[in-house]
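Participant: Residues per chain are reported as follows:
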Amino acid sequence: MTDTPLLDARGVAKSYGAVKALTGARLTVARGEIVALMGANGAGKSTFVKILTGAVRPDTGIITIAGRSARMGSPAQARRAGLVPVYQEPSLIPDLDVAANLRLCDTPVAAFVGWVADLGITGLRLTDLIADLPLATLRILDLARALASDPDVLLLDEMTAALPTDLVENVLRVVRARADLGMGVIYVSHRFTEISALCDRATVLRDGRTVGDLRIEPGVEDRAVELMLGEKIALGAREGAAISARTGTPRLAIRNLAAAPKLADVSFDLHAGEVLGVVALEGQGQDELFDVLAGFRKSTAGTLEIDGQPARFAHPSEAIAAGLTYVPGNRADALMAGRSVRENIALPFSARPRNWGPIKRKMERARTDDAIARLQIDTRAQGEVQRLSGGNQQKVTIGRWLATGVQTLLLFDPTRGIDVRTKRQIYPLVRELAEQGAAVLFYTSELAEVRLACDRAIVIFNGRVVDIIDAARADEPTLMRAAYGLTAAKGAA
Amino acid sequence: MSPTDTDTTPPLARLGRILRDNPIIPLIAFLLLLVVALEFMRPGIVMPIRAGREGLISSFWLGNLIKFAIPLAMLAACQVLTMLTAGIDLSVGVVATVAAFVCATLSSTLGVPQAVMIALATGFVVGLVNGFGVGIVRVHPLIMTLGTGLIATGCLQVYQRFTINTGTLIPPFLEWLGTGRTWGMPNGLFLFVPFAIFIIWLMRSTGFGRLLFALGSNEKAAKLSGVKSWQVLMALYALSGLIAALAGLLYLGMIRTPSLNLANPLLLPSVAAAVIGGTSIFGGRGSFAGAIIGALILRVIDTMLTLLQMPEGARTAMFGLIILAVTALYVRITGTK
Amino acid sequence: MTALIRKHAWVIGLAVLLALLLALTKLIQPNFGAPGLESLARSALPFAFATAAMAVVVIVGGIDLSVASMMAVCAVTAAVLMERMAGVPALMIVLAVGLAMGLVNGALIVLTRVPDIVVTLAMLFVWEGMALLILSSPGGSVAPWLSGATRGPFLIDGLPMALVIMALAIAIVWLPIRRSKLGLAIYATGSDPLAAFRSGVAVDRTKIIAYGICGLFCAMGGLSLAALTGIGEPVPGPYLMASVAAVVLGGVVLGGGKGGLLGSIIAVFILRIIRTILTLMAIDPNVTTIVEGVIMVGVVMLGTALTLRGARR
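Residue numbers (UniProt numbering), protein chains in the order written: chain A, 1 to 493; chain B, 1 to 337; chain C, 1 to 313.
What the hints contain is simulated information worked out from the structure, not anything from laboratory work.
Honestly, I wouldn't trust all of these hints.
To be verified - Derived EDC-like pairs: lysine to aspartate or glutamate, alpha-carbon spacing no greater than 16 angstroms straight-line: (1) Lys298(A) x Glu318(A); (2) Lys228(B) x Glu318(A); (3) Lys50(A) x Glu89(A); (4) Lys258(C) x Asp97(A); (5) Lys220(B) x Asp333(A); (6) Lys20(A) x Asp207(A); (7) Lys258(C) x Asp95(A); (8) Lys258(C) x Asp132(A); (9) Lys262(A) x Glu282(A); (10) Lys262(A) x Glu89(A); (11) Lys262(A) x Asp291(A); (12) Lys258(C) x Asp128(A); (13) Lys20(A) x Asp59(A); (14) Lys181(C) x Asp106(A); (15) Lys220(B) x Asp291(A); (16) Lys20(A) x Asp291(A); (17) Lys181(C) x Asp97(A); (18) Lys298(A) x Asp265(A).
What the hints assert, rightly or not - Looking from chain C toward chain B, a few residues come up when the C-beta cut is under 10 angstroms (computed): (19) Ile63; (20) Thr112; (21) Leu175; (22) Pro238; (23) Val244; (24) Val287; (25) Ile290; (26) Met296.
We treat Cβ as the ideally placed atom computed from N, Cα and C, and that holds for glycine.
Just chain A, with the same shape it has in the complex (with noise of 0.2 angstroms):
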């Protein structure tokens, strides 16, 4: 490999207001190298993607390519200076032909049908529709395209998800190939076989700096789970886990469940009184799961039963009915930003018609100080949430539960992105509720969580369920080799 870099990018940072996304983030690429891109959940992945896309402008930090300096301003100029990528969801035009998106990026079709060919994908005709191809079929017209190019150095950003085995089999193979030829291939994947099957080196990134870099050899996965969690703050250990009996009718009762796009098969049960982690990479499913309990979407198939009866919610209204109340991962999604913390946490008691009235004050006010006080709400800026800090808002989301009565709570990453201090308040909460009789599901992306707040946890990959693991043996590195999907591996080979 030659001396200089193809790709070269130092002291890449990017703050989204007070939020610092990246902070020093550096990545190099040689020719005929490829490099995969590694990260935890939140370590700066995506955004370092988006930057070295075109996507987004860093705030600062230099990208040569090929010893050129690429001002990166939009995808264009990416792409001009020799960058291309392919993402997980394709960047193809839904509603034009396959002719017509070759031409929108200047691309030779000869060129694009050989790839195409190569990377075995038979019968396509360039008149057809995009939105009529099916989405494995689009990500390779996505690789084709960008591979007809030419480009100096692709960057493949988790195009292999819920590939079929025999077109990631293609991908790999034809990518190696080019890389071979002097290309440079960034891969930015969970997949450890993947990874040790194709890559050469693995850039690992944390809390948006670059951390390490590491050769490719047998023994990697372990050096990089180790990089991924770094040495974390300690979270607080927690008191007298009790192992609740889990026998009798369970709350829910979750068998075979499937839900478009990424649930495939999930089965689980959870009782009163527990707290049931679940433990996931971005993507594998997890936001279907939770979708679904929470009456936002149909599943497509399998069943589900509350206390024993079998249930299927049309509207939230009908989850909330049976008990089912939900917390999502994006705190903008529950809070009215300009309403007061009184009002978002009463939201759900004007919701049926017949109390559309006036408002009952002093009921409402009873129960929101209640929330307020349980959580320990800052209620210096109430007048509206959005003044309120992250892990406040957290609490008001939490908080409208509570007021209203908990029996089930679905907690999606609830602690994403606040304070260590409001998290330490969110556990004993959630243990609590639980105590109380309450069943609660706790997806996190933070591993540590599990031992701290849940009494076992489910591990989802691939939109199943691949271990069930109890809280007393539920160590970080365990939970990320589970979640990377190195168990199941290990039990195939």
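Following the hints, complete the assembly by docking chains B and C onto the known chain A.
Facilitator: Okay, now just chains B and C, sitting in the frame of chain A:
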């Protein structure tokens, strides 16, 4: 832990926040400024004493200002309520006209109470159709209410041909409401003050009002909390139709000649009054008190433009620009859409 | 061949429907012939241009509520200018005015980041006011050749001149754009702005240009209005709702990316011929207005419902 307080925000945003919290104060200041300007343009119009006549403040001028602001403010209530949910009701002008026309033509044959009921019912029905289109079919409110307005206009024209021979009668109490004065103030206030109190109460102290804010602030959050938006939207647009019809009846008493184009010119000012009054066209924020001040401001501007002999076209264009400028400023200040 | 039919199934269906309606007209009124066709084409002229204008912005993912007002501005500009100067330069100026108004709309949308529907609602009133400022009441006059141009047949009997002008004007503007990369960019932006951005399309610029084209078509609509009436009318006509309905019926999906101008223009004729049929059946013209309104609202509601269902799938 500390909330993101005002000290970290840029001055423009801080100003915007202050204005957003207390939209009434700068609005009233602006209104007074306009009144002062008006007094300078035509000395004595506001303060007769300066022109050598009796009185510190002309009760005639004030009464007239309020009188003509009332129907405008009532139609602005329709816009405020619908805009809270990020909607709009462009059928109010037509609905008010239809209600007025129906009432005037039926009063002589069916009797006044029946005529008034039927007039209000027509507004309610148009509102229900709007609510169906917006809440259930999910057509954009602008397009939907524009369409029902068109159909209602057609219906009015057909209806008019059947009533060409029956005379019109303006119900006396509407005339009393529209043109009469008590202690120098227009009698319309007897209708408007309770109406305004009701709307403000509805917005602040009822579950329904809370849901209007909720739908406009974050429809997803409302859905998450179990709110079925179609129910709210149906009720909202029906209410809006009813209010528009009521405003039409009052306007009939004021103008005293039913025409096929009676209240249509009030449509654009009603949107402008709501927007000037601090109601966001993107939903979740608005106040009826602001819209009332907005209606008064528009009336004063109207008087000034008349004094300046500004042509009709310039007024229309200016109202359009006001709506665009206020909305763009709001987007710039808050960074939201 | 079958693929071609499948791809254009909607347009073909519309054409068949139009043919059936024409046959029905002939059935109701046996003397319906060349003069009837001509008056149909003439009355459809402003509607067709308004619809073409609306179609372009809907395809790019927007909507322009100010089409009728822009047409009014162009009509009065034409009537005022043609009183004072030669017809051809006046025509050029009017086209430039339309283009400029459209570009202003587009630029305001892109610069202020206020949604299309709100900006164009405000601009509806601004342009309406402008029209009134140019000409406070109907007046002015139009070059006689312009009025004459829309009358009579073209070459053969039964092919109305108005239809030929409409087809030529729209084709000259739209076909080169449709075939170029700009056309692709317009469809791409409307279909999926993020994918278009990632594919290297300058989304903002495309949007502004699309609104410019909309303005240009509005200018043609205004000119045809002036040609039909012989004067300039400052009050906007009923073209907003009609154009939205025709666009939706024509297979252009509100939200963008789908459909084309041909289907929309056929839809205009379908909506117009329904009016002709109702008139021939001696139905009160006001009732006809109601029926038309109900059809238009129904079409838009149906279109929205179908789009939402498609999005959910």
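Participant: Each hint needs a verdict: does it hold in this structure or not?
Facilitator: Now for the hints, and whether the structure bears them out:
1. Lys298(A) x Glu318(A): holds, 12 angstroms
2. Lys228(B) x Glu318(A): holds, 10 angstroms
3. Lys50(A) x Glu89(A): Since the Cα atoms of lysine 50(A) and glutamate 89(A) sit roughly 14 angstroms apart, the hinted pair holds (cutoff 16 angstroms).
4. Lys258(C) x Asp97(A): holds, 12 angstroms
5. Lys220(B) x Asp333(A): With Cα atoms ~6 angstroms apart, lysine 220(B) and aspartate 333(A) stay inside 16 angstroms; holds.
6. Lys20(A) x Asp207(A): This hinted pair holds, its Cα atoms lying about 9 angstroms apart.
7. Lys258(C) x Asp95(A): With Cα atoms ~6 angstroms apart, lysine 258(C) and aspartate 95(A) stay inside 16 angstroms; holds.
8. Lys258(C) x Asp132(A): holds, 14 angstroms
9. Lys262(A) x Glu282(A): holds, 11 angstroms
10. Lys262(A) x Glu89(A): holds, 13 angstroms
11. Lys262(A) x Asp291(A): Holds - the C-alpha atoms of aspartate 291(A) and lysine 262(A) are around 12 angstroms apart, at most 16 angstroms.
12. Lys258(C) x Asp128(A): holds, 15 angstroms
13. Lys20(A) x Asp59(A): Measuring from Cα to Cα gives roughly 11 angstroms; hence the hint holds.
14. Lys181(C) x Asp106(A): holds, 9 angstroms
15. Lys220(B) x Asp291(A): holds, 12 angstroms
16. Lys20(A) x Asp291(A): violated, 29 angstroms
17. Lys181(C) x Asp97(A): holds, 14 angstroms
18. Lys298(A) x Asp265(A): Given that 16 angstroms is the threshold and the Cα spacing comes to 14 angstroms, the pair holds.
19. Ile63: holds, 8 angstroms
20. Thr112: holds, 4 angstroms
21. Leu175: violated, 29 angstroms
22. Pro238: holds, 7 angstroms
23. Val244: Holds: closest Cβ of chain B sits about 6 angstroms from valine 244(C), inside 10 angstroms.
24. Val287: This interface hint holds because 6 angstroms falls under the 10 angstroms limit.
25. Ile290: holds, 4 angstroms
26. Met296: holds, 6 angstroms
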